[in-house]
Amino acid sequence: MVGVGGVYDEAVHHVVSMAWPLACDAMASTPTAHPTSPAEVSQALSLHGYLPDDGLATAVFLTLALKRPLLLEGEAGVGKTEVAKVLSRWTGGELIRLQCYEGINAAQAVYDWDYSRQLLHLRAAEASGEARGLGTGVLEEQLYNERFLLKRALMQAIDHRGEIPPVLLIDEIDRADDEFEAYLLEMLSDYQITIPELGKFTTTRPPIVVLTSNRTRDVHDALKRRCLYHWVEHPDFEREVKIVRMRVPNVIEPLARQVAAAVEAMRGLNMYKPPGVAETIDWAQALGALGVTELDEHTVDSTLGTVLKYREDQERARQHGIAGMVKQAFERSMQQP
Amino acid sequence: MAVTFARVLRGAGLLVPIGNVLMFVEALGRVGIDERDHVYWAARSTLVHRPEDVTIFDRAFAVFWEHGEVESVAEDPDTVKVTLATDDESDDDTDASGEASDDPTVTLRFSPMEVLRNKDFGAYDETELILAQQLMSRLKFAGPPRRSFRFRPAQSGSRPDLRATLRTAISAGGEPIRRFWQEPGERMRRLVLLLDVSGSMEPYARAMLRFVHAAVAGRQRVEAFSLGTRLTRVTRELNSRDPDLALRQASQRVQDWSGGTRLGECLRAFNDEWGVRGLARGAIVVILSDGWDRGDPAVLGEQMQRLQRVTYDLIWVNPLKVSPGYAPLARGMAAALPYVDHFVEGHSLAAMEELANVIAGVSARRS
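For the protein sequence lines, the chains are A and B, in the order given. Its first residue numbered 0, the first sequence is counted upward by one per residue in numbering that gives the first Met the number 0. Its first residue numbered 0, the second sequence is counted upward by one per residue in numbering that gives the first Met the number 0.
With the rest of the complex left out, here is chain A (with noise of 0.2 Å):
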């Protein structure tokens, strides 16, 4: 299987090119988009840079095993999007996003015809008197051909050709109305999708297919039955520090024990916007790029604002004493799991 084939090289040579710390030899002697339980999804997500816990690993298993659909609800910054990404690293599938958006419909998301170019096709039959001689019938089934389509998102998702089913992401559902998730509904039942000028098309390798939203409103019901679900929480300590770990080769473990704990310790200051994990993140790079090898009052002061992002939250931690937070995080970093 030539699928199986290309997965395996490029776990291996992602192992070598990340200098990978986790033992992964067991995993890259069988590397597979068919894994036959929760630890081996975790195993493989870790390798190529996600840390699941087990509630993840057990739906992202779930998914691959009954080929549904896989919804994921959480905080801005848990890293739903990520999941996707990484899937499709591991799988070796084609990484196919669509961003929803308020008024998406079927045009930007399934299918459009390429009008100015049908047009020009009309406009250059007629010049060559080819037209006049054809008959409206005889035009219209040149027009309405496949090669005036135009695939959006949806649509190369069914119609791949490739022997890796891809993971087709489809980002904040929930900003979407609700006509467009009665069509995403139909869509995701029997991953077919009918042209009227065309017909029908579908597929055997049906896509891995995640879903995320922010829950700024409820996802239809009808759609979640489709799905598998899963409320992505914050990390805990130990995996957050991980997450940075991994993420951040450049940041040493003590200092990113430091900014997990950091993290923790402003999670529980009652924010606007608690930091997630992309925040992080973010911090820690940016504790990279400017050389810091531990934390102090000064640094954390003066990089607050790619932690927290509202005038109000970083006065609070401020007001909180940004000291004592320092001190309360050396302490909980020293703490062993």
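Take the hints with a grain of salt, since some may be wrong.
Unchecked claim - Sample of chain A residues lacking proximity to chain B, with all beta carbon distances greater than 12 Å (derived):
{"id": "1", "residue": "Gln42"}
{"id": "2", "residue": "Ala75"}
{"id": "3", "residue": "Thr202"}
{"id": "4", "residue": "Arg244"}
{"id": "5", "residue": "Ala288"}
{"id": "6", "residue": "Gly304"}
{"id": "7", "residue": "Ala322"}
What the hints assert, rightly or not - Label pairs and their in silico Cβ distance ranges:
{"id": "8", "chain 1": "B", "residue 1": "Gly28", "chain 2": "A", "residue 2": "Glu314", "range": "49 to 55 Å"}
{"id": "9", "chain 1": "A", "residue 1": "Arg317", "chain 2": "B", "residue 2": "Gly156", "range": "48 to 54 Å"}
{"id": "10", "chain 1": "B", "residue 1": "Leu336", "chain 2": "A", "residue 2": "Lys66", "range": "22 to 28 Å"}
{"id": "11", "chain 1": "A", "residue 1": "Ala123", "chain 2": "B", "residue 2": "Gly360", "range": "52 to 58 Å"}
{"id": "12", "chain 1": "A", "residue 1": "Ala277", "chain 2": "B", "residue 2": "Gly156", "range": "36 to 42 Å"}
{"id": "13", "chain 1": "B", "residue 1": "Asp57", "chain 2": "A", "residue 2": "Ala221", "range": "23 to 29 Å"}
{"id": "14", "chain 1": "B", "residue 1": "Gln154", "chain 2": "A", "residue 2": "Glu162", "range": "50 to 56 Å"}
{"id": "15", "chain 1": "B", "residue 1": "Gly360", "chain 2": "A", "residue 2": "Ala75", "range": "30 to 36 Å"}
{"id": "16", "chain 1": "B", "residue 1": "Glu352", "chain 2": "A", "residue 2": "Asp53", "range": "52 to 58 Å"}
{"id": "17", "chain 1": "B", "residue 1": "Glu352", "chain 2": "A", "residue 2": "Gln318", "range": "26 to 32 Å"}
{"id": "18", "chain 1": "B", "residue 1": "Glu352", "chain 2": "A", "residue 2": "Asp220", "range": "32 to 38 Å"}
{"id": "19", "chain 1": "B", "residue 1": "Gly156", "chain 2": "A", "residue 2": "Glu101", "range": "16 to 22 Å"}
{"id": "20", "chain 1": "B", "residue 1": "Arg6", "chain 2": "A", "residue 2": "Glu178", "range": "32 to 38 Å"}
Just so you know, these hints were derived from the structure itself, not from any lab. Don't be surprised by glycine CBs; every beta carbon is placed ideally from N, CA and C.
Based on these hints, arrange chain B on the given structure of chain A.
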């Protein structure tokens, strides 16, 4: 076993469709039933679809799979249907439109209706409440539209509708003689209603809940929450067209009915979990409250400011405003007022009609 567990969950109030039970069975087949964690996560990812349900699920799971202590997991909601006596629908139609009619019966009944319109909600009896509800269900909550990303056909415009143009060009031998245009469509703005259900609001809350129901059932994109000692979302409960059912469901859901008030904290919860995240963005937000707050007024002020920054329009409806010589003495009200775009009365039907007008007319005054 899986089916029985699903029934336990349903009994505890979770929505578990049969398709998901099948999915759960299939999932169990894949992860096995040897390990507790596997079973737990398989069940959770197939049967739970809302973070609020996780606590109930956890409890039910403990009881069912781990034989834990039973602490009132399943309490079937009281399903006794209370039918309220209502007046004949057709009768009211004539009344409400207020059309002059020679029919003596109608004329007779018109006058009480007028009285009712201006009567303080606090002095309503049950029958009047039901009558008022029917009147309120006729209110229109249009609200100003916002520009949509979706285009619609237009007589003339800046953007050519190539699809339609091409369609007609084919039959003209390829010459696009007739040209079609499109323009951006319009969408209704979201309407968010926050109803104070604390003790001090008790005389008004009953009537106002009916107003909220009328709004939720009347059009799309309306969200409703209750404020008291905690924030409760009641949109789903109120979504039923049957007012009796909707009100009963909502009352069951709201646990802090006629309790204390922590307006500031509730608003914070609203902002954190719903509002600022997206629900209130560009929306018209209506707070129905007398502004009595046991909490720190500074918190309320801060949260109001935060809310106002994301909304399109923030309306405060205070049933006490009508009292002669009313001044916003309640500390909470005073703290909130600077951030309110419209401050209106809400003590009677007439006032509620006026509120509906304010909601509808927001754009006119803005632009």
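These are the hints, each one checked on the structure:
no.	hint	verdict
1	Gln42	holds, 16 Å
2	Ala75	violated, 8 Å
3	Thr202	holds, 21 Å
4	Arg244	holds, 25 Å
5	Ala288	holds, 30 Å
6	Gly304	holds, 19 Å
7	Ala322	holds, 25 Å
8	Gly28(B) to Glu314(A): 49 to 55 Å	holds, 53 Å
9	Arg317(A) to Gly156(B): 48 to 54 Å	holds, 52 Å
10	Leu336(B) to Lys66(A): 22 to 28 Å	violated, 56 Å
11	Ala123(A) to Gly360(B): 52 to 58 Å	holds, 54 Å
12	Ala277(A) to Gly156(B): 36 to 42 Å	holds, 41 Å
13	Asp57(B) to Ala221(A): 23 to 29 Å	holds, 26 Å
14	Gln154(B) to Glu162(A): 50 to 56 Å	holds, 51 Å
15	Gly360(B) to Ala75(A): 30 to 36 Å	holds, 35 Å
16	Glu352(B) to Asp53(A): 52 to 58 Å	holds, 55 Å
17	Glu352(B) to Gln318(A): 26 to 32 Å	violated, 46 Å
18	Glu352(B) to Asp220(A): 32 to 38 Å	holds, 34 Å
19	Gly156(B) to Glu101(A): 16 to 22 Å	holds, 20 Å
20	Arg6(B) to Glu178(A): 32 to 38 Å	holds, 34 Å
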